[in-house]
Amino acid sequence: MKKIRTDILIIGMGGAAQLAALNAFDANPDLNIVIVTKALQGKGGCSRMVQGGFNVVLNSADSHEKHLRDTLKGGQYINNQELAKTLVEQATPTIKEMETRYGCFFDRYPDGTVHQKPFAGQSFDRTVHKGDLTGIEIISRTTEQIMKRDIRILEECRALDLLADTTGREIVGALCVDIKQGDFFVVEAAATLVATGGGPTSYRFFAPGPEKTLDGMGMLYRAGVRMVDMEMLQFHPTGLIVPGSVVAGSLLEEGLRGAGAYMLNSLGERYMQRYDPVKMERTTRDVMSRSSFLEMMAGRDCEHGGVDMMAAHLGAEFVEKNFPGMYTRCKLFGYDLARKPVPVSPAAHFMMGGAVIDTACHTSLERLFAAGEDAGGVHGANRLGGNGIADSCVYGRQAGKSMAQYLKQERGIPQADERQIEHLAANYLAPFARTSGPSPLTLRDELREMNWTHVGIARTEEKLQQAIDIIEKIHEEVLMVQLTGTGGRAYNMVWQDWIALFNMLDVSRMISASALQRQETRGAHFRLDYPKQDDRYGLFNIFLNRGANGKPILEKRPVALKYMRPTDVVN
Amino acid sequence: MANHAPKTRIIKVFRYDPAVGGPGHFDRFELKTDDESLTTILDVLIRLQKTQDLSLAFRYACRVSMCGSCGMVINGREALACKTILADLKGEEVTIRPLNHFPVVKDLVVDMEPFFRKYEEGLTYFHAARERSEPAIIRPDSRERRVIESSTECIACGCCVSSCTMANWHKDYLGPAALNRVFTLLADSRDGLHEERLARSLGSCYHCRTELNCTEVCPKEISATRAIKYIQRLAAKEVLKPGSTVRSDLRELMPPQSTAPAALTPEPEDLLPAVPPPTLASRREFLSRTTLGIAALTIVFLGGVLAATALAPTLRKRPEKWVDVGQAEDFPAGSVKTAQIRYPVKDGFYESTVSKPVFVSHQENPDQFTVFNSRCTHLGCMLHWDDGKNLFICDCHGGQFKPDGVVKAGPPPRSMDRYLTMVQDGHLFVQEA
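Chains as they are written, first to last, in our numbering: chain L, 1 to 571; chain H, 572 to 1004.
Some hints could be false.
What the hints assert, rightly or not - A short, non-exhaustive set of chain L residues, derived as facing chain H with CB atoms under 7 Å: (1) Glu211; (2) Ser245; (3) Ile413; (4) Pro414; (5) Gln415; (6) Gly488.
Since the hints were derived computationally from the structure, they do not count as laboratory data. Beta carbons are placed, not taken as given, at the ideal position from N, Cα and C, and that holds for glycine.
Extracted from the complex, chain L is given alone in its bound form (with noise of 0.2 Å):
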């Protein structure tokens, strides 16, 4: 099997794994690094995907605390206040860098300054962005400043799971797969980053890229890493249904809700009166997005299973010059925004959760970093608007620099233990062997419904109670299926699928012991059975690591309230 040998080995290549690679290579370009992408250069990841924008504090009239206490409050005070703490801080240095150092452009004001917008939920309006396609200029211009580096990239090669050394307690590398050709080939490194974003797609709706299939928190969790807050699921309000289209939950920015477009269920009920009649759909999308879920629950939902979001009466102009982008992608299907109810659903879009990591991305096995959404805690229960983009910037840039830092004193390079290597290796390849079995095509489809309706948006005891059962029964039929007539093993489309099917199961095995753990409703966690957010409950987190049968073993901790206090957010 062929061995490439690193200093720094980063598994992923959206913002937070690019960021990383920047800042590493710039504290000392004689590192050699090693980046593995499952997609083509740059194009991966959620970070490109990013249409809204990047929260940071430019303006003297704002301050990072304000910046910190919209955090905290958004996130329902369980976030880590230390991660926090530094996003808000990091972000303005991070986001000059990205205008001075890598020569991203964003939109100015007339006097030619940063523009900032407001979003959801910030008392100031900090969001710096470009146009509607943000995460294009970021991860465009990163990209060749990759390019420009000695930093060399491994394209359309698959991470399938960490390495360890005997012990268990160090990371020495990660197997990987060339997508191209279909080859195994082992990396070691001096030090790993996982950065390969998070990406529910395992739920009938969701807002990333397929190509996302929670790779990262599957392999931190087999591998063993101590994961936070992973019932912290975050669904988007309004998805575009299209039917029977991978397109389906592709999001109709928040804006729309903003400028004061309704939600309609099948009656034609403003059902938001019911839910939130103070804020109605100006809500926080968490309220919007259960709300949305309960009337289709109760059976008032429109013609393809979601309900309505209707603009038409904001004037057809209005919405065409100020949403072209929401404009467009509706009439790509026929769907008129501007004059005409559009149908959408919530989508699972962002996971709080991951690897327990600090502010300098350590996790709790040596040698192994973590970034972005792979990594939990700096959102606490629920994220806000631009502070997503942000977080993969800002802890990617402390991941490089800290893995820098961490190589400066002599580390070596380990060997991997070759059994390891040949027994993950040999179950990869099970399946071409076998001539009967499911497919995982099919499977991948039952997980997805089995998500949506017991580990989703509304969630109960018995539920998810049954869930961790399917799960495992999934499981047990993962492991029979056959690939007959999938051809060789070079571009095998359905062989990856097949692959990503662990990770995704594994995500939902800690998403539905997290979530039957938290006994309240807290941010985007909503149980049916326990509706109350029950601050006497006492703040908390849980923590969670792989149990010797696979299954999570649970730790509920309290929130360490190092710089504010709830009492002092709502203030």
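Once you've looked at the hints, dock chain H against the given chain L.
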């Protein structure tokens, strides 16, 4: 919303199995779709894979036209599969094949390595002109931002390169996507690699034949043609600028009569950026790598211009004709005036009217009219008559001609071209070839 009846289509998909090799072939599928107006070509491929052939390979990632992974040739035209609606494709059959000019990995999946390599060759990355701690103050209505517009929104899908008939014709052609990015960086006042980047694109930008294919197929509605024309104009101007590193390499290659222009007036074209000179450090960093390239590319550049000049006369095959310039008395003795001549021409099936200025110089001798072609003999820019200076002036590179058409200053290699003239019935005529 649109409700369309179910429809069955024949989908022909290019197949290539790397384990088998060979030239590949097309497979014919039949696919029934409930509502074609809600179905993209990406959906079609996903369904074919799921229901008819599990081995079918194609590439996609974001599925909402943001990543540029699913570029392919659909019914003969480059497009993103995720942005192409089945109902919009006319006819019974749909043919899908991989992008042109790229090696096929499997079925519709191509190796994009040549794309990224070309991209890299153009130095298509930002390099700060100077260290800054704060973002530059640049107004959104500034000339540079109006020029750059949305051209930075390229998603590197490769559709333009596939559609370009010149992309695989010249080894050194960077192609539309890379040149588009070169253009946005050349126009960006914050960037410090102006001359190095221009040198890299010199040998390249003249390979464009202005077919506009790239502009037509771009899913982000970016015009690489516009970008390339910008670089061409900038190159022509920059090459002869005094003190330019590009020029210093060129000097030995230039014909001996090409001396440095006395003065440079800005081109009246709106597409000109204010570009600061690169810093010494950035120059040093790249000159070592680019000097050889500059020499090679400038030879190609010059060769192209000279070849075009030499070929030009042989391409004119229209019969000679006398064209009326106006009444002779309108051009008093001792004056130089600009007149517009108009005449119809027929090129094959195509008819048009030529309208162009000429200069009429009436010398002291009452019957001595001289009519000059208004094009500069250097690179063909439009001259204008300056009454105050009593000179014909070229704004492109500062060429100057005396009233009798003889070169006074600048790069023009010869006197101004003259027409044959005659006066008949009080009208001045020139012979147009």
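Status of the hints after comparison with the structure:
| no. | hint | verdict |
| --- | --- | --- |
| 1 | Glu211 | holds, 4 Å |
| 2 | Ser245 | holds, 5 Å |
| 3 | Ile413 | violated, 27 Å |
| 4 | Pro414 | violated, 31 Å |
| 5 | Gln415 | violated, 31 Å |
| 6 | Gly488 | holds, 5 Å |
Checked against the numbered hints given earlier, the structure breaks hints 3, 4 and 5 and satisfies all the rest.
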